[in-house]
Amino acid sequence: MSELSTKERYKIQRHQMPEQDAELRSKNFQEVNLGYTIEIAMEEADRCIRCKNPVCVAGCPVSVKIPDFIRMIADGKFEEAASILKEDNALPAVCGRVCPQEEQCESVCVVGKKGKPVAIGYLERFAADWERNNIKLKEIKSSPKSGKKVAVVGGGPAGLSCAGDLIQMGHDVTVFEALHEIGGVLIYGIPEFRLPKEIVKAEVESLQTAGVEFVTNYVIGLTETIEELQSRFDAIFIGVGAGLPYFLNIPGEHLNGVYSANEFLTRVNLMKSYNFPNNPTPMLDLHGKTVAVFGGGNTAMDAVRTSKRLGASRAIICYRRSEQEMPARIEEVHHAKEEGIEFKLLVSPLELIGDEQGWLRAVRLQQMELGEPDASGRRRPVPIKDQVETIDITAAIIAIGNGSNPIISNTTPELIVNKWGNIIVNEGNMKTNMKGIFAGGDIVTGGATVILAMGAGRSAAKAIDDYLKNPESW
Amino acid sequence: MNKILEARFIGPDVKLFKVEASKIAEKKKAGQFVILRVDENGERIPLTIADSDLNEGTITIIVQGIGATTKQLNTLETGDYIHDLVGPLGKASHIENFGTAVSIGGGVGTAIAYPTAKALKEAGNHVISIIGGKSKDYIILEDEMRQTADEVYPTTDDGSYGFHGFVTQKLEELIKSGRKIDFVLAIGPIPMMAAVAKVTQPYGIKTMVSLNPIMVDGTGMCGGCRAYVDNKPVFVCVDGPEFDAHKVDFKILLQRNKMYLPQEKDTLEHHVCNYDKMFDAAKRSSINTKEVENV
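Protein chains in written order, with the numbering used here: chain W, 1 to 474; chain P, 1 to 295.
Honestly, the hints are just simulated from the structure, not real lab data. As the structure is a prediction and not an experimental result, all values here were calculated from the model. Every residue, glycine too, gets a C-beta built ideally from N, C-alpha and C. Be aware that a few hints might be false.
Straight-line alpha carbon distances no greater than 30 Å define the calculated DSS-like cross-link-like pairs of lysine-lysine that follow [what the hints assert, rightly or not]:
(1) 149/W <-> 27/P
(2) 148/W <-> 469/W
(3) 435/W <-> 23/P
(4) 198/P <-> 136/P
(5) 462/W <-> 201/W
(6) 148/W <-> 258/P
(7) 419/W <-> 435/W
(8) 435/W <-> 27/P
(9) 91/P <-> 419/W
Residues of chain P clear of chain W, computed beta-carbon distances all greater than 10 Å [unchecked claim]:
(10) 51
(11) 84
(12) 124
(13) 189
Not close to chain W: a few residues of chain P, all C-beta gaps over 10 Å, as computed [said to hold, decoys possible]:
(14) 157
(15) 162
(16) 176
(17) 191
(18) 223
(19) 250
(20) 264
Isolated chain P (complex conformation):
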């Protein structure tokens, strides 16, 4: 059981958790992830470690409530427990002084881009951070990035904040303005990462992406997380999660991530259905429905 020392929403459906996990905090390097289960019967889901605090013995994870498990996780509050947590898993990001490095985070991907941006800065890079979101509310970790990166460019699809457009447009603008860019790390939705790869390829800029396939054990045992890089299968949990963006088959990655969409829908309905039952029962038994609504 891992105690949650801090839980707060940092964006719509996006929640930050500081969780007690001293051993993982001690060992983790930028780019690595944990696998957690919310409760005893829970699904094992991978989440990248956004930050850690050695003194507190905590790690920070940032969760976007999309599926049944992440939505359930996001109902937890400070003082609650995560049933179990294992890590740090995967290989650490390859960090060196490339010169000028651009760190791109799309939506909750910024949570994953952040620790690597920090490591790139510590290695001596001039770090440019592009953080994208649908609108202003979806821009996360801007303050943290500003403390880390040399330049920070928020972008929004609707123009409600910062640069009006996609992260790729901002990146292209920087490249075309003649800025010498030596390295790009892009983390976010699969179409975004694929688009970044397309932008940098003609310029021959070394570009890495962090992949987010479906996993079970996270230690190489099941092979469910296989992705295709340079037309060869890799196990993202032990060979990655970071790979050369110009070699990743994003189409297969996207298809494979849709494998359980019909079931995901069922689970969400199942949860909603349970919620409705609870709500009805509460109404009948005159329990304060507010309490149930907060479940």
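So here's chain W without its partners, still in its complex pose:
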């Protein structure tokens, strides 16, 4: 096969992701994106111009060697492509699906300067899926055993990524998870139609094969304290996530029918209430009902699209800024619109209205307009006088972010946290104020993305490895 010239590479158009029909998928929980075929993937991989200075790598929070793995796909060496991915990313099949590539690797892709960037995310997904479907789990090559033991607190993206690196570095790793399944937000938060749970399970199994131990139903702080863990582990990584949902602080949030996005999504994803009563965790009957979701991030998109799949006749995003400011991935907004989700932009809820029995019946929405930029650099929404509308709704789902979970800080008084309860770490090496204890992910930064948490887990793993080699260096 002759090598393509750069000019020829530029000529190839970006390949669209094949997806389930919008009408059909808005009634099922199967994955929306169907994945590239081998032919499409190899052709898309040919679009990479193999820059000498690959800026995409710098755009990735875990520094995946992007041109290298893409080259392997172009050459039809899919197993090798997956191996390269796994050197830097413990969960490539997950990241290929949920990373905001348009803000990271793909946003800096040189090909994207002239046309559309190389579909790095779709290719990552392809390589990881190909490996999962075609290669039996094998022991990951790891360094000789160090004899050191590390406890990872929290089985979400930060913890899994940290555990994946530490096991390769030769340390014994035990992950403690409060829920009954490993995966954190990947399991309870992100819906099946965006990230099939089988994929998370496969990624966890691959870590298990590599030697990581998992303990579920174990709440650090309550079942065992950080102090007690210190006596049996050489180092500890805390990656418990944000996990304390914010509410709107408006009247009526006590009404039946008002959910945090966490609760709504946990009932559906983790507890599978869509399969009620075989899975006995209940969910309000949303068939033919109107559901309003407050927020504009990925969680809001997940919640609103889930409502639609549970039978809601109207599923509405209510966001107080304009579409431009929405933090959700572009693909999610696009998919939501295709599925018939309504977008009410520049509205802010004033009050949730209930009946005498305490059931939610309506919401009063204040119309907003954009004013001057605020601290986040986004234009601040300000109310327009006398423009208030009331819409009848059965359920309200609040997806405006999470505060920090208090369990570890309450039971570890020595650990220094900021006024919001986030653990304070040294940014470079993720060290907390307590010797041998590191932290990363949402519990440090506040609610962010899967990949940023994974990046923090990686940085912590490296710092933990350095520390274990030379504990005096703390």
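Using the hints provided, position chain P relative to the given structure of chain W.
Quick look at chain P alone, frame taken from chain W:
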């Protein structure tokens, strides 16, 4: 998987389980709870830890079969397993020597009142226990309470045993008789706890109640268990479960606990329906129907 070392009914539809859970037994303090799932697809339900045994490595939970999950749980016997169990969750009861403390348990609420009564006694309080029930059969843990508390007053709604009347009437009688009461802990059905709060408020007696909202994760992540105390939202799983009775909005608590009543009815019907199917199948295939009846 947690093995059940002992399972026995202690009242109508009320079953006591001793379950292997050594780590939880080691850590638990009065007032804390566990969340369990009966089987792999099971609902997560919170249950207060009634007792623990460090030597056996067990905790005791007492379950009233009301919903589909608690009814399913109550079919388990000694030697069976609970699929999983996590805890101890929530904050421990605030225990100090108040002087004279009244522990009130209504129905299965006595199971929750018991460990706290024990802790109050150990802290030096003079403990008065009022245990209420519809009738004599519904009075649970009387022997255990008698070993713990200084005075025990069973009350029944129908007068079939002990004091004829509600726990609140007995409490009022004690207060009006001039007994100096420094602290009241009331655990039971929501209307009972609300009524106790009403009785003690005019006397300014510090009163705590343990709330039982619907929960999912039990670690603060979902916010489903929010209750309103002093007109502010609290997450019962991490901020509680015990709160100042005079500040709790019981009306909202009661409303929120009814959120899934229509679905609960469906599940019960679904289970009954499965049971009927099994029963019919058994009849057809001449399996001993007794075995099926015991399911």
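Item to check | Non-conforming hints, listed in increasing numerical order | outcome: 6, 11, 18 and 20
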